[in-house]
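S.K.: Given next are the chains, with one letter for each unit.
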Amino acid sequence: MIEFLRRLFGQSGSSATAKERLRLVLMTDHLELAPEMIEKLKADLVDVISRHVEVDRDRIEVNFERQDSVLALLANIPIVSVNRPGGNGSHSGESNGSHSAESNGSAQALAPSPTESPAQAAAEAPAAEDAVAVGPAASKKKTAGDAAPHVRKRRRRKKNAGPNAAAAATPT
Amino acid sequence: MQQTQAVEHEAGTAAPAPAPRLGRAIVLTSGKGGVGKTTTTANLGTALASRGVKVVLVDADIGLRNLDILLGLESRVKHHLLDVLEERASLDDALVPSKYGDTLFLLAAAQSREKDDVETEKMKALIAGLRERFDYVLIDCPAGIELGFKNAVAGADEAIVVCTPEVSAVRDVDRVVGLLGNRFRPQLVINRLRPALVRKGKMLSVDDVNAILRLPLLGVIADEPDIIVTTNRGEPLALRRENPTGAAYHAIAARIAGEDVPVPMPPLSKPSFLERMSSLFGGKRA
Amino acid sequence: MTPRKIVVTSGKGGVGKTTTTANLGATLAKRGKRVILIDADIGLRNLDLVLGLEKRIVFDLVEVAEGRCQLRQALIKDKRFESLSILPAAQTREKDAITTEQFSSIVDLAAQQADYVLIDCPAGIEHGFRNAVAGASEAIVVTTPEVSAIRDADRVVGKISQERKPIRLIVNRLRPEMVRSGDMLSVDDVCDVLSVELLGVVPDDEEVIDTTNRGEPIVLDETSRLRTIYDKIARRLEGEMVPFTNFDGTSLFGRLLDALKVG
Chain A
-11 MIEFLRRLFG QSGSSATAKE RLRLVLMTDH LELAPEMIEK LKADLVDVIS
39 RHVEVDRDRI EVNFERQDSV LALLANIPIV SVNRPGGNGS HSGESNGSHS
89 AESNGSAQAL APSPTESPAQ AAAEAPAAED AVAVGPAASK KKTAGDAAPH
139 VRKRRRRKKN AGPNAAAAAT PT
Chain B
10 MQQTQAVEHE AGTAAPAPAP RLGRAIVLTS GKGGVGKTTT TANLGTALAS
60 RGVKVVLVDA DIGLRNLDIL LGLESRVKHH LLDVLEERAS LDDALVPSKY
110 GDTLFLLAAA QSREKDDVET EKMKALIAGL RERFDYVLID CPAGIELGFK
160 NAVAGADEAI VVCTPEVSAV RDVDRVVGLL GNRFRPQLVI NRLRPALVRK
210 GKMLSVDDVN AILRLPLLGV IADEPDIIVT TNRGEPLALR RENPTGAAYH
260 AIAARIAGED VPVPMPPLSK PSFLERMSSL FGGKRA
Chain C
148 MTPRKIVVTS GKGGVGKTTT TANLGATLAK RGKRVILIDA DIGLRNLDLV
198 LGLEKRIVFD LVEVAEGRCQ LRQALIKDKR FESLSILPAA QTREKDAITT
248 EQFSSIVDLA AQQADYVLID CPAGIEHGFR NAVAGASEAI VVTTPEVSAI
298 RDADRVVGKI SQERKPIRLI VNRLRPEMVR SGDMLSVDDV CDVLSVELLG
348 VVPDDEEVID TTNRGEPIVL DETSRLRTIY DKIARRLEGE MVPFTNFDGT
398 SLFGRLLDAL KVG
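In order, the protein sequence lines correspond to chains A, B and C. Numbered according to my numbering, the first sequence terminates at residue 160, and the numbering increases by one at each position without gaps. Numbered according to my numbering, the second sequence terminates at residue 295, and the numbering increases by one at each position without gaps. Numbered according to my numbering, the third sequence terminates at residue 410, and the numbering increases by one at each position without gaps.
Just chain A, with the same shape it has in the complex:
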């Protein structure tokens, strides 16, 4: 009841904004304060993905990016080869343009350029346009709409976009 009244009378003011801003800024602060945790997360992420595809460990980029109301984990994981035979080959050559025009991701800015080997072009497609985004995992809020930690795929694919690393991570 109190919660209802508070919502009715209170949350229209600036305190709701303050709360939301604080939640996000503290998550960002905590990430900035915990580089070891991020390194470990990166290593774990790579281990999981490596079970399915061979990735270029030296060029992995993991970034956190704030969007409107979520903190997203953006992983850019260049793939060297796919362990199992799959349908990826048909898209080869198209991956090239997939990251040129869109411009809202730090991970994307760091996407590697396609390699010299045409045979590998598909596998090397920049991962950023379909990166794995992890929701506000650190959230303690019960009231916030997006309280439950969630994993979602961020689709930034253009119409001719190639295959990419998102296949390596299974959402939800």
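One should not assume that every hint holds.
For lysine-lysine, the following DSS-like pairs were computed, each having C-alpha atoms within a straight-line distance of at most 30 Å [as the list claims (entries may be wrong)]: (1) A/K28 x C/K312; (2) B/K108 x B/K133; (3) C/K226 x B/K209; (4) C/K226 x B/K211; (5) C/K202 x B/K209; (6) B/K211 x C/K312.
One side only, chain B facing chain C, incomplete, derived with CB under 8 Å [claimed, not checked]: (7) T47; (8) G153; (9) V176; (10) S177; (11) P234; (12) T240; (13) G267; (14) D269.
Residues of chain C clear of chain B, computed beta-carbon distances all greater than 10 Å [stated by the list, open to error]: (15) M148; (16) V197; (17) K242; (18) L346.
Derived from the structure by calculation, the hints contain no laboratory data. For glycine and all other residues, C-beta sits at the position ideal for the given N, C-alpha and C.
Using the hints, position chains B and C against chain A.
M.R.: Relative to chain A, chains B and C alone:
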């Protein structure tokens, strides 16, 4: 990426060809914390930039940054002051354009580092570089008089001291003015004055404060519940010229710019809306 | 009982560390505890001013550290209370005039003759903060319901938890009417964000400015509602279970109660 491009674009236009003269580097300091240094920096920066001059706000509070929050820019900070000093990012990449004016920029502090990570000489060089590109460099100093204070002050050539009408704040400002020495010709902003309390003799008046400090007075800002709201939202009050406090910041900015306008001063006579409301409900504040 | 060594800290300045230290110290002393307050803000001391003891300073913390006087010579006894004394900071020295070891040993020395040693920490997270925290075995973090203060408090909570010292929170300067109008974060909001055990909630009271001007802690004022509030905080500190006053209540009853308390 969009943001990075925007920064580059803005910074590109912001950087003038050989500057005719250097911009002014002003440190905002107080000794005591919580008197409103950061709020004053954000508002004066906003007000100055609205005059069409190029302004950069530098958050020197390494480890406890807040200027980004007050300007609503916390989600846009990608690089910070130490990234620039340690050459991990270019100045152009680190300057965050304000939402509220295309001549206003923020250089954020590092949150995960310590104040003693800053080399004073590098800080001086950074401020000198900024003075070539901006008309005003406002430096938001951390509380206290330790290394963070010394670094914030190092590159500045002017100082604004912010003081509230409280004994402890006045004492700390007095100490800071002593530490600043003669080089800075510090000017005074008195913040959080509550006219009703002054009337009742429960708060030091502007004259009381300045009888002790004896500094050139730039302006007086009233204590405003609105300030909390603007912090909550990340929108400096100076965006609202119709608001008396917003207008006061613009008057102070004009005075900084050398205009001959009167010292803004909250009226002592009229009871505020809050007081009227409070008396209506039988509160003690009446 | 084992003497308690508690640092009162906040990260952000001006949220009421010194006022809290003075009033909590005074309240504990009224309750018959032997209390020593240490001002760790070397160079910007204010605890003496808040308690109105500035004229009685003879020696200070740094002089004790340097062995130029005994601790008992430097302690100023507050005559309004049976068992309250303060150790003032040095005003014309730097924070690094005293090492962490020196500070800790002074706190330990003080603890030998007190039930409570409260350390008034300087703002920021520099040398002075590190000294003050190192000397304590538990912490009270003071914050106001404002975004910047909470962010700084969070930073400080992180630093103190690394040392595995228990932390409790005082939310200071709450304005219930602003919480109700939705323009100020509520106590619940603050606790949610910081995840620290709540020790007390102190409403904003402009009389504090007046009492500080006069150098009299507000808990001396028989009519002040803050007197009851600090008393509750002191009792919680002593381990008693004391229910919290609900300042966030939106009910008409709560509002009436508020109005009555203010009036």
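S.K.: Are the hints correct? Go through all of them and say.
M.R.: Here is how each hint holds up against the structure:
Simply put, A/K28 and C/K312 have alpha-carbon atoms about 26 Å apart, close enough for the 30 Å limit, and the pair holds. Note on B/K108 and B/K133: the hinted pairing holds, with a Cα-Cα distance of about 27 Å set against a maximum of 30 Å. Between C/K226 and B/K209 the alpha-carbon distance is near 29 Å, which keeps this suggested pair within the 30 Å criterion. Note on C/K226 and B/K211: the hinted pairing holds, with a Cα-Cα distance of about 25 Å set against a maximum of 30 Å.
About 26 Å separates the Cα atoms of C/K202 and B/K209, which keeps this hinted pair within 30 Å; it holds. A threshold of 30 Å between alpha carbons decides the hint, and for B/K211 with C/K312 the separation of about 39 Å lies outside it, so the pair is violated. Given the 8 Å rule on beta carbons, the hint for B/T47 holds: about 7 Å separates it from the nearest Cβ of chain C. Evaluation of the B/G153 hint against chain C yields a held restraint, the C-beta minimum of about 5 Å falling below 8 Å.
Interface hint status for B/V176: upheld, as the beta-carbon distance to the closest one in chain C is roughly 5 Å, under 8 Å. The criterion of a C-beta within 8 Å of any C-beta in chain C is met by B/S177, whose closest approach is roughly 4 Å, and the hint holds. Given the 8 Å rule on beta carbons, the hint for B/P234 holds: about 6 Å separates it from the nearest Cβ of chain C. Look at B/T240: its Cβ gets to within about 5 Å of chain C, closer than 8 Å, so that hint holds up.
Given hint, B/G267 at the interface with chain C, is violated; its Cβ is 31 Å from that chain's nearest Cβ, farther than 8 Å. Residue-level restraint check for B/D269 is violated (minimum Cβ-Cβ distance to chain C is 33 Å; threshold 8 Å). Annotated as non-interface, C/M148 keeps its C-beta farther than 10 Å from every C-beta of chain B; the closest such distance is 32 Å. With 10 Å as the threshold on Cβ separation, the claim that C/V197 sits away from chain B is violated: the shortest Cβ distance comes to roughly 7 Å.
The Cβ of C/K242 sits about 5 Å from the closest Cβ of chain B, inside the 10 Å cut-off, so the non-interface label is violated. For C/L346, the non-interface assignment is confirmed: its Cβ lies about 20 Å from the closest Cβ of chain B, beyond the 10 Å cut-off.
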